[in-house]
Amino acid sequence: MNKLEEKIKYSFNNIKLLERALSHSSYANENKLKGGSNERLEFLGDAVLSIVVSEHIFKHYSHLPEGDLTRIRASLVCEKALSGFAEEIGLGDALLLGRGEQLNGGRKRPSILCDAFEAVIAAIYLDGGIEPASKFILQFVERELKNHNKGVFIDYKTTLQEVIQKNPEERVEYVLIDESGPDHNKSFTVDVMLNSNRIGHGVGRSKKEAEQLAAKEALELMGE
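So the mapping is simple: my numbering equals the position in the sequence shown, first residue as 1, plus 26.
Source of the hints: derived by calculation from the structure; they are not laboratory data. Heads up, some of the hints might be wrong.
BS3-like mimics (lysine-lysine), calculated; alpha carbons at most 25 Å apart, straight line [stated by the list, open to error]:
#1 Lys42 to Lys58
#2 Lys183 to Lys234
#3 Lys33 to Lys161
#4 Lys172 to Lys33
#5 Lys234 to Lys85
#6 Lys33 to Lys134
#7 Lys35 to Lys172
#8 Lys234 to Lys161
#9 Lys60 to Lys42
#10 Lys183 to Lys106
#11 Lys172 to Lys212
#12 Lys35 to Lys106
#13 Lys60 to Lys172
#14 Lys233 to Lys183
#15 Lys172 to Lys161
#16 Lys242 to Lys85
#17 Lys212 to Lys233
#18 Lys134 to Lys42
#19 Lys134 to Lys35
#20 Lys161 to Lys106
#21 Lys242 to Lys192
#22 Lys29 to Lys42
#23 Lys172 to Lys85
#24 Lys106 to Lys172
#25 Lys134 to Lys85
#26 Lys233 to Lys85
Beta-carbon label-pair distances, calculated as ranges [to be verified]:
#27 Lys29 to Lys134: 12 to 22 Å
#28 Glu199 to Glu114: 23 to 33 Å
#29 Leu202 to Glu32: 25 to 35 Å
#30 Val189 to Glu168: 18 to 28 Å
#31 Asp119 to His86: 41 to 51 Å
#32 Ser213 to Gln191: 28 to 38 Å
#33 Asp119 to Leu95: 26 to 36 Å
#34 Leu95 to Ser37: 50 to 60 Å
#35 Asn28 to Ala73: 24 to 34 Å
#36 Asn211 to Asn28: 45 to 55 Å
#37 Arg224 to Lys134: 44 to 54 Å
#38 Glu113 to Asn221: 31 to 41 Å
#39 Glu105 to Glu168: 42 to 52 Å
#40 Ser213 to Glu157: 40 to 50 Å
All residues carry an ideal CB built from backbone N, CA and C; glycine is no exception.
Given only the sequences and the hints, what does the whole structure look like? Please build it.
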């Protein structure tokens with residue numbers, strides 16, 4: 027337990043919360059644990075994780091529409107991401123598993139690691155509140171936002187505007203050229219104009235995404 031506490035960078039006041047978070051249902055059933063497995067903690071941890079990640083990307087990526095924020099959040103809280111985070115802190119080695127689950131490779135099973143990671147979040151939250159829980163979550167999330175799909179998170183429109191503002195007489199305008207497709211799968215085409223000249227072209231699943239891609243192309247053409 028002490029080794030895991032060092033890895034998660036949090037010291038529990040009530041160590042039983044961490045023990046519960048590590049108790050898989052197979053272990054709880056075999057040992058007839060009174061408090062049961064980590065499933066209830068997993069439920070709470072999922073909710074804490076969602077609100078922490080949602081608030082973070084809402085504040086830091088204000089230029090992105092709701093659809094893009096939803097996709098970013100989904101990529102950060104999916105089983106693949108969470109099981110990867112769990113592996114980083116050696117969570118599998120600390121799990122309390124039943125004999126059968128151990129023999130079947132439960133310590134490396136993504137679904138079990140993901141659930142345990144969420145349970146640990148809940149344990150930290152119940153033990154110390156939202157602040158340490160957020161700190162634990164964001165150490166992984168902030169790194170992922172920096173290292174993956176950087177283009178999705180850059181505000182190209184703001185960057186382009188800052189470049190253009192160096193010449194006060196210049197004016198940038200975004201023009202919707204085309205909108206097609208059914209409501210659930212629309213496609214938008216946007217041109218970005220510098221005075222009367224087209225300097226960028228973008229196609230996206232939302233008007234805002236198309237504008238961002240048009241601004242991105244304009245910056246690339248300008249060598250920015």
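Hint check results:
no.	hint	in the structure
1	Lys42 to Lys58	16 Å, holds
2	Lys183 to Lys234	10 Å, holds
3	Lys33 to Lys161	13 Å, holds
4	Lys172 to Lys33	22 Å, holds
5	Lys234 to Lys85	17 Å, holds
6	Lys33 to Lys134	18 Å, holds
7	Lys35 to Lys172	21 Å, holds
8	Lys234 to Lys161	31 Å, violated
9	Lys60 to Lys42	12 Å, holds
10	Lys183 to Lys106	32 Å, violated
11	Lys172 to Lys212	29 Å, violated
12	Lys35 to Lys106	22 Å, holds
13	Lys60 to Lys172	43 Å, violated
14	Lys233 to Lys183	13 Å, holds
15	Lys172 to Lys161	16 Å, holds
16	Lys242 to Lys85	22 Å, holds
17	Lys212 to Lys233	10 Å, holds
18	Lys134 to Lys42	23 Å, holds
19	Lys134 to Lys35	22 Å, holds
20	Lys161 to Lys106	21 Å, holds
21	Lys242 to Lys192	18 Å, holds
22	Lys29 to Lys42	15 Å, holds
23	Lys172 to Lys85	15 Å, holds
24	Lys106 to Lys172	18 Å, holds
25	Lys134 to Lys85	34 Å, violated
26	Lys233 to Lys85	21 Å, holds
27	Lys29 to Lys134: 12 to 22 Å	18 Å, holds
28	Glu199 to Glu114: 23 to 33 Å	46 Å, violated
29	Leu202 to Glu32: 25 to 35 Å	54 Å, violated
30	Val189 to Glu168: 18 to 28 Å	27 Å, holds
31	Asp119 to His86: 41 to 51 Å	33 Å, violated
32	Ser213 to Gln191: 28 to 38 Å	31 Å, holds
33	Asp119 to Leu95: 26 to 36 Å	35 Å, holds
34	Leu95 to Ser37: 50 to 60 Å	34 Å, violated
35	Asn28 to Ala73: 24 to 34 Å	28 Å, holds
36	Asn211 to Asn28: 45 to 55 Å	52 Å, holds
37	Arg224 to Lys134: 44 to 54 Å	53 Å, holds
38	Glu113 to Asn221: 31 to 41 Å	53 Å, violated
39	Glu105 to Glu168: 42 to 52 Å	20 Å, violated
40	Ser213 to Glu157: 40 to 50 Å	43 Å, holds
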